[in-house]
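Residue numbers (this note's numbering), protein chains in the order written: chain A, 8 to 300; chain B, 8 to 300; chain C, 17 to 264; chain D, 14 to 220.
The reader is advised that the hints may include incorrect statements.
To be verified - Here are the simulated distance ranges between beta carbons: (1) Ala90(A) <-> Gly213(C): 37 to 45 Å; (2) Val38(D) <-> Ala66(C): 33 to 41 Å; (3) Glu50(D) <-> Arg72(B): 20 to 28 Å; (4) Val99(C) <-> Gly39(A): 52 to 60 Å; (5) Glu283(B) <-> Pro34(A): 54 to 62 Å; (6) Ser27(A) <-> Thr238(B): 49 to 57 Å.
Claimed, not checked - Computed list of lysine to any residue pairs in SDA-like fashion (alpha-carbon distance at most 20 Å, straight line): (7) Lys72(D) <-> His187(C); (8) Lys72(D) <-> Ser19(C); (9) Lys72(D) <-> Ser217(C); (10) Lys72(D) <-> Pro71(C); (11) Lys72(D) <-> Val85(C); (12) Lys72(D) <-> Ala193(C).
Derived from the structure by calculation, the hints contain no laboratory data.
Using N, Cα and C, we set each Cβ at its ideal position, and we do this for glycine too.
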Amino acid sequence: MNGIPVDGTPSPLVALRGVSFGYEDGPLVLEGLDFEVCGGRALALLGRNGSGKTTLMRLLGGGLRPRSGRVELAGRPVSYDRAGLTRLRTTVQLVVQDPDDQLFAASVAQDVSFGPLNLGLPEEEVRARVDEALAALDITGVGDRPTHLLSYGQRKRAAIAGAVAMRPRVLVLDEPTAGLDPEGQERLLATLEALRGGGTTVVMATHDVDLALRWADDVALLTPGGVRTGTAGEVLARTDALAEAGLRLPWGVAVAAALRSRGAAPAGGVAPRTAEELARWAAEGGPSAAPAG
Amino acid sequence: MNGIPVDGTPSPLVALRGVSFGYEDGPLVLEGLDFEVCGGRALALLGRNGSGKTTLMRLLGGGLRPRSGRVELAGRPVSYDRAGLTRLRTTVQLVVQDPDDQLFAASVAQDVSFGPLNLGLPEEEVRARVDEALAALDITGVGDRPTHLLSYGQRKRAAIAGAVAMRPRVLVLDEPTAGLDPEGQERLLATLEALRGGGTTVVMATHDVDLALRWADDVALLTPGGVRTGTAGEVLARTDALAEAGLRLPWGVAVAAALRSRGAAPAGGVAPRTAEELARWAAEGGPSAAPAG
Amino acid sequence: MLSIDAAAHSSRWRRRHPVDKAVLGLGLTLLAVVLPPWPGAALVLVAALALLLGPARVPAGRLWRAYRVPLGFCVTGAVTLLVRVGGPDLVGLAPDGAVRAGELLLRSSAASLGVLVFAFTTPMSDLLPRLVRAGVPAAVVDVAVVTYRMAFLLLDAVRQVRQAQAARLGHTTRAAAWRSLGGLGATAFVRAFDRAGRLQSGLAGRGYDGTLRVLVPPTRVSGGFVGGSLALLVAIAVLGTALEGPLS
Amino acid sequence: MHIAEGFLPPAHAIAWVAASAPFVVHGVRQLTREVREHPESTLLLGASGAFMFVLSALKLPSVTGSCSHPTGSGLGAVLFRPPVVAVLGTVTLLFQALLLAHGGLTTLGANVFSMAVVGPWAGYGVYRLARGLGARLEVAVFCAAFVADLSTYCVTSVQLALAFPDPVSGFLGALGKFGSIFAVTQIPLAVSEGLLTVLVVRLLLQS
């Protein structure tokens, strides 16, 4: 997936080409990185704390400017003037991990209206977008509440709504499930699925390999040596690469591999992605009886 | 485990007896709760966001006072005067989730010295305790660094060191692994094991059922109906109870149950607690070949 | 803010008692103000620069970035001395204006460097708790400690919120910029007091009763360092006074 | 803008310390009493100080195009009262002098007088006056911030003019010079600070 797309392949929505970045006089955090976000794919970004995940996401969203290399939007280099940044920011929206870093207006609806107002849209259109974003995140009921009186899960949704109201083609989320309880995580994943159904491409940074296996089409593994990208099934089966990134194998992959190595399950096939799938898989000795999805 | 201990049983280190609590004029968060922390056991506290986990932990630490019912320390009711609170605080120490809610001083060592100084200990004793706590948390090297230049993981350790310096018999941690990457989580668990080895009883609130199964001796499940306590293996195998608390079965339990129900594994036995154990378990058709630990 | 503070923590003189560095750095500042600017302040300037770049090993780039802040003010202020107002032609060049402006510039920049000798080697964490022993009321020191810690948290929060605002085009138009700024100010307020409340309950378990006692590292005032500093200061004072006549 | 380190002659530096001292000592007494009566207020006062510090670090979009920062003393005085602001402002100025090389230790007395004493008292006085005359809260807050900001810079000009009188026209001529450099360019910034303060207060009232 690295490098220049072969002729005929549609350009990725947004891409980093040989990007290096470091903060102020500090050392490089990312060096010569190639990275692509392709339309319609669910992409999970994995790596240990300090591996540069957040930096990469900020580069995608135009919050940071590469020291060298370039960021491309639909195949063309991003220009960092006002018009160029506006184009990038209406395509890519980043939601940071801590919702409190993103909410600053008096009420949820006001906060969500911030982006559309800055786009210079007429008031009616702004209202429509706010309603739509609140509905998409299932927080219509708390639209007029002050943000600091909401629960953590609600604040998280409000922060995402603020980005969604910009109608980005790519939504980049930093650890969106962190701090949520399992039910909250499930609800959020369902919301993201609905957004994807509406045509938004979703990129998510996470530490949770099981979540990545279950949710993502593609996985990008950020290691000191660079980024390793591939389908979730491919990347998350590479013990060595995962170890290099400070991660373990997902449960499903580990168990499937153990069963296969003992001949208790046939080689190949998709690793089970949820505990239920794995239970069926283990009971029935392989993927045959476990239809994907 | 609820109720009054049978004669002959040693008193729990700290216990809630029929405790009800609500914030100011708000509704009750906890109602008639019985809860015990027994010396030497690793206890995981599970429940959805808003279920009252944090409130329960504050009550244990003396930060909150029950509206009715009582908190007992080694079998005797806690008095909320200065002497009583000091006794409680030298027994139970709570570490909150966000380390920035606990670190106020300009340097790490200064922050850690705060608690021991408040106990009125002589300066030399305070210094010894600070060194000991920094060493226990493996942050001796950053003792004289300013708090704001530390990484999140280091701040988390600094906050725990502040509690450890009080030499509590019970250390209560609210989501200690949240925000850490898998390696950071492993390191923290190893640190907690070392503290337990030194005789400290550890209570941990978490959302992670797999972590709870792997780490805890006992599990307390906080549901709207009250608290359900038992050994980790017992409580974490109860699908209904977990569902009531908004949780799923741990991977190991789910797979073991599936295999057992198909007759592919013998009934009974301990559920596998890590992916490696589970892989071995699944490959060998049961717990026989998977010695505990 | 972060630059000087961060440098102070990794300074080569970090372990020295603040009094050591105060005698030297603030002594130089005092001389810069008291001595005749030429050659007194010039001597201070050279000595302070030599100390900062030499034994204290402050990186030159960092020093320059900190130093150009006061320098900007000094230049603006000194320029006004070049001009005179009033008299027959209302505005004109002031007699001796260049000399007075030059002297002011010299005095002010030398004094700034003296303070930087202290600031670049003494972290606030070593200084603040010791102010109690210097006679500052404990309540004020406690408030200053909390202000210091919380200022970093708030600055970080404000930086994050600014980035989030930029991502949603908060700096594209004048109206947007004002909306952003108002949001920042209000957020800082809400966050500050929310944090104070949470810190209150976070500290309760360790026996917080309104006083923030902490233990400072056991460092001693070094007789040798203070003696050496005083000798340097005396030498500069003597030299500055003695050379004043011949050099002017 | 703070008067830089070493800018004032020794006699002036000492005189301004003497002028500020009673206000700061009064503030310290009030603060100490407050903390004794309500121990939890240490953290709230620290939060107030941090808020004022961060507020004064915000970059104002200025009409003149130069980059400038609010003083925060008007809003601070309305929210926390002038005596407390005298102490918090002194702490802030000390931090700025040591951490940012902004202002100075020898000029601390002069800067405290303009920024932590006159500004807050003038702003607070105008606020009370405006409220007493029945002005809306937002109008009163705007006036407080505007007056606090502007009076701070007028005092700074006076301080500089006293220290560096014009060779021909003396104090008044110098006041004109410094006044036009600092205070006049400061009027648009005072308006900006007033607007910002209104925005902040409006948001705080809504939430």
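Going down the list of hints, with the structure as the test:
no.: 1; hint: Ala90(A) <-> Gly213(C): 37 to 45 Å; result: holds (44 Å)
no.: 2; hint: Val38(D) <-> Ala66(C): 33 to 41 Å; result: holds (39 Å)
no.: 3; hint: Glu50(D) <-> Arg72(B): 20 to 28 Å; result: holds (22 Å)
no.: 4; hint: Val99(C) <-> Gly39(A): 52 to 60 Å; result: holds (55 Å)
no.: 5; hint: Glu283(B) <-> Pro34(A): 54 to 62 Å; result: violated (36 Å)
no.: 6; hint: Ser27(A) <-> Thr238(B): 49 to 57 Å; result: holds (53 Å)
no.: 7; hint: Lys72(D) <-> His187(C); result: holds (12 Å)
no.: 8; hint: Lys72(D) <-> Ser19(C); result: holds (18 Å)
no.: 9; hint: Lys72(D) <-> Ser217(C); result: violated (33 Å)
no.: 10; hint: Lys72(D) <-> Pro71(C); result: violated (36 Å)
no.: 11; hint: Lys72(D) <-> Val85(C); result: holds (15 Å)
no.: 12; hint: Lys72(D) <-> Ala193(C); result: holds (11 Å)
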